[in-house]
Every structure is written in C-alpha cells, then in structure tokens.
Amino acid sequence: MPKYLLLKHYRGGPEPHRPVPPIDQWAPEDVEAHVAFQHHVSKLLEENGEYVDARALTPARTWVRYGGPDAAPVTTDGPHPETSDLVAGWWMIDVESHERAVELAAYVSSEPGPGGKPLYEWIDVREIMWEASSDD
Amino acid sequence: MRALVPRVLAGLVRRGEDFDAAEDALQEALLEALRVWPDHPPRDPRAWLQTVATRRLVDARRSEAARQRREEATEAEPRAGGPTSEEGDDTLFLLFCCCHPDLAPASQVALTLRAVGGLTTREIADAFYVPEATMAQRISRAKRALAGPPARRLDQPGDLAVVLRVLYLIYTTAHIGPHTGPPAQDLAAEAIRLARQLTLATEEPEARGLLALMLLNHARLPARLDSEGRIVTLDRQDRGLWDTREIAEGVRVLQSALAMQTEDRRPGRYQVEAAIAALHDDAASAEETDWPQILAWYDDLVALTDDPVRQDPAAVLGRAVAVGHVLGAAAGLRETDRLRDVLGERHKWHAVRGHLHELSGDLPAAATAYADAAGRATNIAERDHLVRQAARARAGSHGATTIRGR
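Going down the list, the protein sequences come from chains A and B.
Be aware that the first sequence starts at 1, since it is given in the numbering used here, and climbs by one per residue.
Be aware that the second sequence starts at 1, since it is given in the numbering used here, and climbs by one per residue.
These are computed hints drawn from the structure, not numbers from a lab.
Treat the numbers as computed from the prediction; the structure is a model and nothing was measured.
Just so it is clear, CB atoms sit at the ideal spot from N, CA and C, and this is done for glycine as well.
Where hints are given, some of them may not hold.
Unchecked claim - Below, a sample of chain A positions facing chain B; criterion: calculated Cβ distance under 8 Å:
hint : residue
1    : Ala27
2    : Ala33
3    : Val35
4    : Asn48
5    : Gly49
6    : Asp53
Turn these sequences into a full structure, and let the hints guide you.
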C-alpha cells in the first residue's frame, strides 16, 4: 500500500480559500475545537488502520551549507521571504490509493476555524518513495 | 525479576567479568527465565540468574577463545542467596559504572535504564522515540567504552553528582518527552525506583533531595493533564487529585536530608528544589501558596551557581515568578527585563512574561507574550496550552474593553 504525507504549512501554497488571523487571535472555544479536531484525526486514522506517524515542526528555520575546507558551516536563519513555504507538520498515512489520500486530506482541511466554520486550509499531499523491493 | 538485575550484574562485574559481556549474558539469562520460570519456578531466582548468566559467559568465552584455553574455573557454584546488605552497594556500584563521566548523557541514561533498570532495548527506544537499532547501537557503544577492568576511576567525588543528574534526566524526560503516552510515565516511575534504591546505598543528602523532588512533583501528575490531555497549570489544578501519600513520603525524605545540613554543608540544588515543590504541595489552594518562603528558596537556588542566568535559566525564571507574587507583577517583570538579553529567545521567558502580565491585569500584553511563547515552544501539548492562554487573555481583554466602553 502506498504511503503519503499530508503536509500542513505555516505559510506558502496556493492563495488561501478562506484567509484567517493567526490561531492565538481566535476565540478560545474555536481554538479548543481546532485542537480537538487534530487529535480526532490521529485517532480516526489509527482506528482505520491508516495511521503511520504524526509530527509537528517548530516555525524556527536555519538554512545550513558546507562552508568549504577548514571552514565552519555557513548558516542563515533569516530573513526569509514571507512567501516561502514553511512546513508546520504532517500526518504520514498508509492507504489503498491516491484517491483515499486526497479524500483524507480534504477531511483534514475541513478542520474548524474561526466561528467553528471549516478552515479550507490547503493540504500538500506527497507520496513517499520506496527502496528497491516493494513487492511486499 | 527486574529488581534482581542490578544485583546479579554487579555480582558478575565485581567478580572481574567484562561489563559488556556480563550485561549481554544477563540479558540472555533473563530471556531464558521468561521461558523456563512459568513451568519451573526456581527456588532462588537470583542464584538461578547468576548461574545461567555465568554459563552464557563461559560459552561465549569458549567459542570465541578456545585458543586461549582460558580457565573455566569461573563456572563456580552460585553462592546461595547473597546477603541483602550488599544490595545497596551493588546498585551504587552499577550506577557509577553506567553514569561514567566519560559517557555522553544520552548513553548514561540508556545504559542506566538497561543495566540498572532492567528495561529492554525496545522499551528504552520507544521511550526516547528512536528506532530500536539506533538505541541498540548507542548502548553497545557505551558498553564498549566501559570495557576493561571496572571501577578504575569510579567512586570519585563528583561521580555521585553525575548519577543524580542522570536519574533526574530520566525523570524529566518522562514529563517533557515528545509524547506523553504510557512509556514516558513508566520512565518517571523507574527514575523514582532507582532514586529510592540510591538512597538506600548512600547517606548523601542530595540523593534524598532528588528522591524527594521527584516524589513531590510526581504527586501532582494526576492533576497535570485533563481528560482531553490538555495541560492544567498549577493554580488551576484539582488539588484533590494530588497523591497525598507521595507528598507525605517526599516531605519525610526531604526533612531527613535537610536535617543533615551543617554550617559548611548547605542544602544542594535538589533539596532546594524539593523544598519549593513541597511548599506548592502544601498549599490547600493556589491563593494560600507561601510565596515569600518560595522566593527565599529561589534566592538560595540562584546562589548555588556562579552565573545562574546562563547555568540555571529555569531557576532565575522561576524566581522572577516568585518575585511577581511577593513584590508585585511589575517587580517580576523588571526581573525578566534583566534576563531578556540572554533568555529572550526562549519560550519559557515569554511564558513567564505572559503570566506576570496577566497577574498585573494587562491582558493584551499577556496575550502577545503567550503567543510569542507558543511560537517558540518545542512541545506540542505546551504549544497548544500557550495558544489557549493567548486566546483566553485576548478574549478577556476584549471583554474588559467592552465593559469599560459601557
């Protein structure tokens, strides 16, 4: 069965379908509903037998490259263009098909936002590649 | 069965066996015990394990070094039921081995959990969320580093401090780990068990201080998360859920440690932190918390290091909170101002500011500080908690504005 990442972003991606303020500016009950939904998704995936992993990333980013012989690594932690993609986290799922991955991504995107109405967040669906033997 | 692990292992290592080989042999003996004991329970489990582990060691040595024609005299009959007074010594001896100052902290922790705690590699790997192969490699590298005659530079002053730090690391990992499932909680209990064994093996008051600190914090664990897994801050916890037996034991252990202090032997950091925890545990409600005494202990804690802002950020931030409660939020905020240059990028600094702003009634500033803290948090439960705090403070400030507007 193919595995996919359902990626959530702090920023980047297509034009938001429903622009909203940062979550810390939502009404407390909307924050509760949103967080509860994230837990619900993990539980649902587990119950379906489709869950592999869920991770969240901090928004801090450091770009690093080789500095050359006998030189320290070169790093930069900003400023980054506000439009650059910044991944916030993912679910890794193990599903029957690409269609199922899309269906689950759309469900994730229906998560409640301000006012309890769906957030319509863009979810980035990426298939995971495998090493040589995949005939299991 | 796990309780026997340190005693058997220490017995083998003391007899001159290589730590690495002895540990492997004991793991095999434990596996065999799981298979054999249900049908044939041994009369003396410890002697049984020691005999089987010894046989494994001999087998290993035979196959590997038949050329050496090593003496097989080590296949000694087990001494029937060793005296229990050695138990504490054995634990201490093994802890010193596993917490050898040459090992990296991650290796010390892994080795301690396996050799003294008797956890399997799989259990340790799960607790630290790394693949089992990674943890196996970490453990075997650590054991190789310890190969050779043991106890060469052990029992030095300072070794005990490392042991205490490793046990505390195991305990705190259990609370701030990336996930809060059952393995993490087991680690906390394991750290307490090991600390309790340590207090039987040494008179050092800091060992008791550490045990007291763990007990006094662990007692609040049932109230720390609500049914949805959300963090509940100390001031909002249902104190009826606190484990009063653990609190009583923690206080008793702490008092026995503090009783040993003299003019030139002041309480160490674990005793001081335990005293602060005890004062929190002692308050029937958040309002009844004895903040002046807590602040006095924080003063002692901060005085223990030369450069507390860099060496002990948690202490200076905790002290700022205590200052806020004793001398007023503005005084607490002034304390945090002094820490901004060094700690201003830490989520905890912003979280403390949020708390103090809230205390002062400045909800918009509290909301901003909590949001800044959430953006820097590295733990999901904590991040979600800080987002909630921000949203609540912002909603509260809107409410206040509306009321004033009328």
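Each hint, compared with the structure:
no.	hint	in the structure
1	Ala27	holds, 6 Å
2	Ala33	violated, 11 Å
3	Val35	holds, 5 Å
4	Asn48	violated, 20 Å
5	Gly49	violated, 19 Å
6	Asp53	violated, 10 Å
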